[in-house]
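Engineer: Listed here are the chains, written in short residue letters.
Protein chains: 2
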Amino acid sequence: MTEQATPAPSPTHPVPAPRDPHLRAMANCIRFLSMDAVQQANSGHPGAPMGLADVATVLFKDFMQFDASDPHWLDRDRFVLSNGHASMLLYSLLYLTGYQDMTLDEIKRFRQVGSKTAGHPEYSHAEGIELTTGPLGQGIAESVGMALAERIMNAHFGDDLVNHHTYVFLGDGCLMEGISQEAISLAGHLKLGRLIAFWDNNSISIDGATSLAVSDNEIERFHASGWHVLEIDGHDTDAIRQAIETARATQDRPTLIACKTIIGFGFPTRAGTQKAHSDAPGEAEIAGARNILDWHSPPFEIPDDLLKAWREVGAKGRDARLAWADRVKAAPQALRSDFERRTAGKLPENWKNAIVAARQAFIADGKEMATRKASGDVLNHLFDAIPELLGGSADLTPSNNTKTKQQVEIKPGQYAGSYVHYGVREHGMAAAMNGIALHGGLIPYGGTFLCFSDYCRPAIRLSAMMRVRTIYVMTHDSIGLGEDGPTHQPVEHLAALRAIPQLAVYRPGDAIETAECWELILEQPRRAALLALSRQPLPLLRNEADGENRSARGAYILHEAEGGPRQVTLLATGSELQLAVQAREILQSEGVPTAVVSMPCRLLFEEQDKAYKRAVLGHSPARVAVEAAVELGWDRYIGPEGRFIGMHSFGESGKIQDVYDKFGITTDAVVRAAREILKDIAV
Amino acid sequence: MTEQATPAPSPTHPVPAPRDPHLRAMANCIRFLSMDAVQQANSGHPGAPMGLADVATVLFKDFMQFDASDPHWLDRDRFVLSNGHASMLLYSLLYLTGYQDMTLDEIKRFRQVGSKTAGHPEYSHAEGIELTTGPLGQGIAESVGMALAERIMNAHFGDDLVNHHTYVFLGDGCLMEGISQEAISLAGHLKLGRLIAFWDNNSISIDGATSLAVSDNEIERFHASGWHVLEIDGHDTDAIRQAIETARATQDRPTLIACKTIIGFGFPTRAGTQKAHSDAPGEAEIAGARNILDWHSPPFEIPDDLLKAWREVGAKGRDARLAWADRVKAAPQALRSDFERRTAGKLPENWKNAIVAARQAFIADGKEMATRKASGDVLNHLFDAIPELLGGSADLTPSNNTKTKQQVEIKPGQYAGSYVHYGVREHGMAAAMNGIALHGGLIPYGGTFLCFSDYCRPAIRLSAMMRVRTIYVMTHDSIGLGEDGPTHQPVEHLAALRAIPQLAVYRPGDAIETAECWELILEQPRRAALLALSRQPLPLLRNEADGENRSARGAYILHEAEGGPRQVTLLATGSELQLAVQAREILQSEGVPTAVVSMPCRLLFEEQDKAYKRAVLGHSPARVAVEAAVELGWDRYIGPEGRFIGMHSFGESGKIQDVYDKFGITTDAVVRAAREILKDIAV
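Going line by line, the protein sequences match chains A and B.
Take the first sequence: its position 385, counting from 1, is numbered 378 in the numbering used here, and each next residue is one higher.
Take the second sequence: its position 157, counting from 1, is numbered 150 in the numbering used here, and each next residue is one higher.
Extracted from the complex, chain A is given alone in its bound form:
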């Protein structure tokens, strides 16, 4: 018997002959870099990059307006990979098109600590990563914000300065997430014709065939939300090109291009199956793909001619960019300087005068005022000073006080304005605001009830992680919401939000602190911020004319103890600050030297040095914290002898004062707690 070679297994999904061998070869560069990187990392998701490689090749080669040598060019097209697990698709494109910091070494260090090539694309890790994606559905929702920002900027600055597309790739998982519906619905309503989405319609998810869990007609679904929908074979490069052309010609509606693809295109046995989705393919599968796709380079090596072709793609936008730069230079001086200032993320000079004016008005008025109302007043003052502020609310405009008198509403097809009715789409709003902030030129803020921060939480997390200045205006911030009851009364939300790294949670205690918090938010361009604001009116507790921002260090001594060394420290935030002030008066009248510490922002306080923290918290162990929320996190400041006056359960429906009384969050309770500690430590 003669020895026989084992025949290669017949491919489960035979590879169709390419329309254009050169394009297929260019796409194969993406496929093999993706396979090789996942194999080397022994971890990752090869299937989607391989399935989407043809679409990406046509899009980047023939349409994407960008210049790899200037990743920050404002008028570049935006590319969003909503199915972020396909990160090797993006990293391959960045390397191939010649982004300087995406080296082959970085590709080889895929998914290793310290690399630019994390498991999912991380904003700011490398140039060309427009945003962080991975949690499914976030990318499509953020891209709606980007596309909206483009239109708003276009309406203000004209076609010469802002005129580009937003392209987004998304997978089956993105479409199953509820946030995708909010995004699709909002984009369709607003007629965002510059948004073009590509659905990687490969019918595979982690549990197996998508038919295990979903039977939706996605074409009909997008159509129901006013989208233009096209269906193509995602491996037919002619069809891809034609679809993109049709989509670009359709300017009154966003377009979905449903691309029928084979996950793991090129794998001999895994193509079209769940096994191609995640995990390293193994040497045999890669060897098979080499045969099938006629690829002869060693791992991580791209043939010179193909690399050259790709580098040309990365450089082809250079002329357009230079022409744009000339147009910027030729623009009227005022427009140009406004454009350059805004897109550089700089605030106008003298914007702080608006804050000063708001403070002065509050002091002149002197009356009780809800901090949500104070926030609305601050925004009214800011409107003229900072034209890039873009407001909105998730259908709670009159409650959130987010709309200033002057703001013009954005409407379908009419983008010359600065207020967005986001609808009852908290999550979609939050993600869209991230996209708006990332686009550049606009500062988004949006409102809902604090309780519904839960609905936006995955997007809030990304705001914090990406360090973008997305501003959450969240009112009705405690049981002080009253009659709507426990489902609408935030109790655990302050703690839960303070737990998010890098997120600045502000809870001002009166109108003056509200102005201070807005000032702090606006002067920190790389920090996501959330304002927790009261429904109920609060007394004005400050009246300094000097305008010093006392909230800037996160916590400060509002009233120092008098008549001797401090015996008691009362800590409070927001609507409970008044209780601490009243309790101090009682304790002082009893001869107990008592200080009140206001702590509008825990994060900023934690950044102070030890000496400042000690001075604020005082040396007496008699500390009482009062906040109409759960205790979690307060132990740090009150210490083992301290007491906490706040919530230990969900809230209850009722009149505001009745609810506070019911849960024992009162001046008396604060006074009593202080007395008890003094007694305990005297023993």
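In short, the hints are calculated from the structure, not lab data.
Any given hint might turn out to be false.
The list cannot tell twin chains apart, which means a pair is met if one copy fits it or any two copies do.
Using 27 Å as the maximum straight-line C-alpha spacing, the simulated DSSO-like pairs for lysine-lysine come out as follows [to be verified]:
1. LYS672 / LYS606
2. LYS268 / LYS648
3. LYS366 / LYS322
4. LYS309 / LYS322
5. LYS672 / LYS366
6. LYS648 / LYS366
7. LYS339 / LYS606
8. LYS648 / LYS101
9. LYS253 / LYS603
10. LYS268 / LYS398
11. LYS301 / LYS54
12. LYS345 / LYS360
Once you have looked at the hints, place chain B on chain A.
Structural biologist: Frame of chain A, contents of chain B only:
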């Protein structure tokens, strides 16, 4: 000149003549109770109850299978008010149909502290409130779970015992929330023909006309998800009746009945406008409604004949209920006792043998094992013992280890099974599980990555608030997730979840604790629970044969200090428990008596008495806590001299050990921290 009466303003929406004056009068009972209650409370939402009154009257009078004298009848139809702000609609129905605890006094105490009539319907506040609603979209998603539970119970127990409908009212806001898409998509996929939804299509939300923010074709959208859709005039009682009949006859698909309604139907000037949505209408508006609707009773008074008619509606299901009870009695003994046990929420005798068996297997095996794997093994042992366990995952079945070998998958139209592929719909899954748990007869558990608890958070909050035994199996619970990186690595989630009142968050440290946590979860029928489980293998740290559940008190001394009074206490949870155990060995070897405290459940520990807590935490101030998560909440246990080894930022993509090293979460770091405290306090 003679005095002339001011003419009444012409109504903005003239009231159409009723098809059936008696039905209109019955509906007006709901309208006036709602108006009167909102007016008295000076707070609430009158518009939706007034708009939906005709639909509710026909549904309850002619279709709803229920008996007001036995609210817990298992085979009753379920009624879900997803637009929970329309709570007065439900309270009116409960009072009118004669639920004993819904008195007129309660209606008069609408939205007051201590009443059964909270601003939004609160489960367990009054009989007949099937679930807590208010956060928009939750009700429709929970009703999908209820309808699925009905089919699964029907498949197991047959038409004689379980055979009912789930009816859900929803508003425009529910449809704008992303969770509604997850719910609609899942219900359509599973062909839940017993689910009938009524859309209150009134085109008004808080910001104004819904056209400000939404342009979706909802009919097409539901159709795209496989629903049967009907469109009717929501004030035409004949059309309503006919639509419900058609919907009930359609058993292979869920039905949406789009009801065109006038918000605030009957108000003279506010009908059909945003002003009818929220807030007290004022006396003038109510007086106008009295004229228009021909209503002559004083506030809160229902004419005897109408009350009698309504009480008959509440009693009409009595015979059906008694017949059902007879069928239960006549059922085969084994089926009957199983049915009665399960629907009473009692576990089978001897179920704990499965836990014992799982523990024994872990000890016999003795190897390293991820707690997610241990959880899967426990479930395999539990499968035969507790047939009412209903598993599932949001498309992470192989990662979450949620599917046992024996479980049969639920498929469209095929409900004889015990595993649900929920798809990439974490939020919809969580809410559906609430509905399943509330339905009775099933114990739902479902998996995703811990990081994506953020996507389910509004539903998790409701699990906790309603005290239902919904079980969240959340794996990949820290930076130990590794290469997928910061977007997938939970950091703040443990703190954020522990902040939710009444939610038991379990983070077991090895396979034995995993079995203990499952035991604790299952034996507490009124507590929502979340398991945080490791991706990475963990050593077995326990090997007692006695089977005592040491996790039952939330925290316990895993190893007491030896060789003298305790000098150091190391606290840990989950995958970091092994670091504490290793650190203790080093410290003991250096002659430092060191204890290790394992704290798998903070909530249970907080419920212990002071003496136990003190004994566990020890008297030495040298305490070190180690957890691969943010510090928030740990100060409480480590005190001012204590140290925390954990996360102070988001995570990073990389190999597990590299990531732990990068963030300094190591045995050495724990040892060093202990030594430093001992040095500090010795000074």
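Engineer: Look at each hint and say if it fits the structure.
Structural biologist: Consistency of the hints with the structure:
| no. | hint | in the structure |
| --- | --- | --- |
| 1 | LYS672 / LYS606 | both (25 Å within a copy, 23 Å between copies) |
| 2 | LYS268 / LYS648 | between (57 Å within a copy, 22 Å between copies) |
| 3 | LYS366 / LYS322 | neither (42 Å within a copy, 62 Å between copies) |
| 4 | LYS309 / LYS322 | within (22 Å within a copy, 80 Å between copies) |
| 5 | LYS672 / LYS366 | neither (41 Å within a copy, 52 Å between copies) |
| 6 | LYS648 / LYS366 | within (20 Å within a copy, 49 Å between copies) |
| 7 | LYS339 / LYS606 | neither (31 Å within a copy, 53 Å between copies) |
| 8 | LYS648 / LYS101 | between (62 Å within a copy, 14 Å between copies) |
| 9 | LYS253 / LYS603 | neither (59 Å within a copy, 63 Å between copies) |
| 10 | LYS268 / LYS398 | between (56 Å within a copy, 20 Å between copies) |
| 11 | LYS301 / LYS54 | within (12 Å within a copy, 75 Å between copies) |
| 12 | LYS345 / LYS360 | within (23 Å within a copy, 63 Å between copies) |
Figure legend: structure checked against the earlier numbered hints; hints not met, in rising order: 3, 5, 7 and 9.
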